[in-house]
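Got chain Z sorted already, so can you dock chain V onto it with the hints?
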Amino acid sequence: MQATEAVKLLLGIGEPLIGRLLTYDALGMRFREVRLRRDPNCPLCGTSPTIKDLSIHHEGAAACAITPNGREAAAAPARTGA
Amino acid sequence: MKTLKEMLAEARQVIPEEGPADLQRRLASGEPVTVIDVRDPDEFRDGHIEAASNISRGFLEFRVASAVPDPKTPVVLYCQTGLRSMLAAKALHELGYEKVINLQGGYQKWAQSGLPTVKEATLSTDQIQRYSRHFLLNQVGDKGQRRLLRGKVLLIGAGGLGSPTALYLAAAGVGTLGLMDGDVVDITNLQRQVLHTTADIGKPKVESGTRTLKALNPDVNVIPLPTRITVDNVMDVIKDYDLVVDGSDNFETRYLVNDACYLAGKRNVHGSIFQFEGMATVFAPNEGPCYRCLYPTPPPPGLVPS
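For the protein sequence lines, the chains are Z and V, in the order given.
What the first sequence shows, in my numbering, is residues 1 to 82, in sequence order.
What the second sequence shows, in my numbering, is residues 1001 to 1306, in sequence order.
Excised from the complex, chain Z in its bound form (with noise of 0.2 angstroms):
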């Protein structure tokens, strides 16, 4: 799936998998999309970032754990249903 979609993003085919989660569950053989949306709050690519570089990173697995500006972090993805 992964080698499709690259292959599909070096030519500029089809509709690539962007903001849509696709999962697959073997023992049920059963694939489910899940609409993704962007989060407004993202420290990474939302609106006020607050992540401009890999500084974080230097502070070990910590820096997978940051939220911006003190908001709780969600549970679960902003999603529009499957």
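Please note that the accuracy of each hint is not assured.
Label pairs and their computed distance ranges (CB to CB) [to be verified]: (1) Z/D25 - V/D1186: 26 to 32 angstroms; (2) Z/M29 - V/D1186: 28 to 34 angstroms; (3) Z/I18 - V/R1063: 32 to 38 angstroms; (4) V/R1063 - Z/P40: 45 to 51 angstroms; (5) V/Q1013 - Z/T50: 55 to 61 angstroms; (6) Z/P49 - V/D1126: 44 to 50 angstroms; (7) V/D1236 - Z/R32: 33 to 39 angstroms; (8) V/E1061 - Z/M29: 50 to 56 angstroms; (9) V/V1118 - Z/F31: 35 to 41 angstroms.
Rough simulated footprint, nothing fancy, chain V against chain Z, three-plus residues with beta-carbon under 8 angstroms [claimed, not checked]: (10) 1-7; (11) 12-20; (12) 32-43.
Calculated from the structure, these hints are not laboratory results.
Yeah, the Cβ is synthetic: ideal placement off N, Cα and C, and Gly gets one too.
Just chain V now, with coordinates in the frame of chain Z:
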């Protein structure tokens, strides 16, 4: 009898001209436009504008209908200096194409303006056979295959996700594959990491991976990067690639790859697997969400084994 000068002057009466910067703007805006290079195939191969299709002047009237199905679509024609294409543009105008534009100064001026050009390497007989099934697909074709051969993809991780992805990309003829992994092959990897073989146990994964990929397709330039991706090397590594495939197995790396790709404006084809479940998405800077939009915080250590 008309002189060439008179013919060109007549054509200029009906055909507007645009400079290289105007065409560049049209292409960047994403509006529909068909660019046709009317030079001979050998001139086209030596260098052309990437968006262009090659229909030599002599075949233009015969083949234009398949290249431009809607006569309302703007068509930009160019040749070497803008003269042949001016006459060609007039012919298209007379056929009923409503918006035919001549690229003023032609390919020469485009290239001199420092705008990007591509050179077409001739495909070998072996390559023509190897990729023949791609040529049958309208969306790929000969042009798409050359694009794949020029493509550069960085694979982060040569493990469970990176192995099949690398194999398929190499088979498809993606010209440059960066294979980054700091691990050595362990016997427990072999049940799923199909780049490596039993004889590779103890060897660096990028070494066995490179050998497998080269054996599958010698066209591919595999760049082994036998090191873990870190905050200190990530920007320097990803800058050389068109896109990144994240097949990493831990949250720290995923956040790092996500942040670096966003900051460098690179698309990131993300995948992850846990037991029987897998997921995939594409993070494209400013076109959609990033990994942090999806997972603002990593799960507590120990909750999810990598």
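Practice item. Go ahead and decide if the range 55 to 61 angstroms is satisfied by the Cβ distance of V/Q1013 to Z/T50. Key: holds (59 angstroms)
Practice item. Take a look at whether the Cβ-Cβ distance between V/D1236 and Z/R32 falls inside 33 to 39 angstroms. Key: holds (37 angstroms)
Check your understanding: Is it true that V/V1118 and Z/F31 lie within 35 to 41 angstroms of each other by Cβ?
Key -> holds (37 angstroms)
Check your understanding: How does the Cβ-Cβ distance of Z/D25 and V/D1186 compare with 26 to 32 angstroms: does it lie in that range?
Key -> holds (27 angstroms)
**Study point:** Stated coverage of the region 32-43 of chain Z by chain V [criterion: 3+ residues, CB within 8 angstroms]
**Key:** The restraint on the region 32-43 of chain Z holds, since 6 of its residues have a Cβ under 8 angstroms from chain V and three suffice.
Point to revise | Verdict for V/R1063, Z/P40 (Cβ pair) under range 45 to 51 angstroms | key: holds (49 angstroms)
Check your understanding: Okay, Z/I18 versus V/R1063 on CB: inside 32 to 38 angstroms?
Key -> Since the Cβ atoms of Z/I18 and V/R1063 sit about 34 angstroms apart, the hinted range of 32 to 38 angstroms holds.
Practice item. With a C-beta cutoff of 8 angstroms, work out whether three or more residues of the region 12-20 of chain Z approach chain V closely enough for the coverage to hold. Key: Since three or more residues must qualify, the claim that chain V covers the region 12-20 of chain Z holds, with 7 doing so at under 8 angstroms.
**Study point:** Outcome of range test on Cβ distance (Z/P49, V/D1126; 44 to 50 angstroms)
**Key:** Check passed, 49 angstroms falls within 44 to 50 angstroms.
Check your understanding: Between Z/M29 and V/D1186, is the Cβ distance one that fits in 28 to 34 angstroms?
Key -> holds (29 angstroms)
**Study point:** Range hint compliance [Cβ, V/E1061 to Z/M29, 50 to 56 angstroms]
**Key:** Roughly 53 angstroms apart at Cβ, these two residues keep to the hinted range, so it holds.
**Study point:** Given coverage of the region 1-7 of chain Z by chain V, tested with a Cβ cutoff of 8 angstroms and a minimum of 3 residues
**Key:** With 7 residues close enough to chain V, the hint holds.
When held up to the earlier numbered hints, the structure conflicts with none and fits them all.
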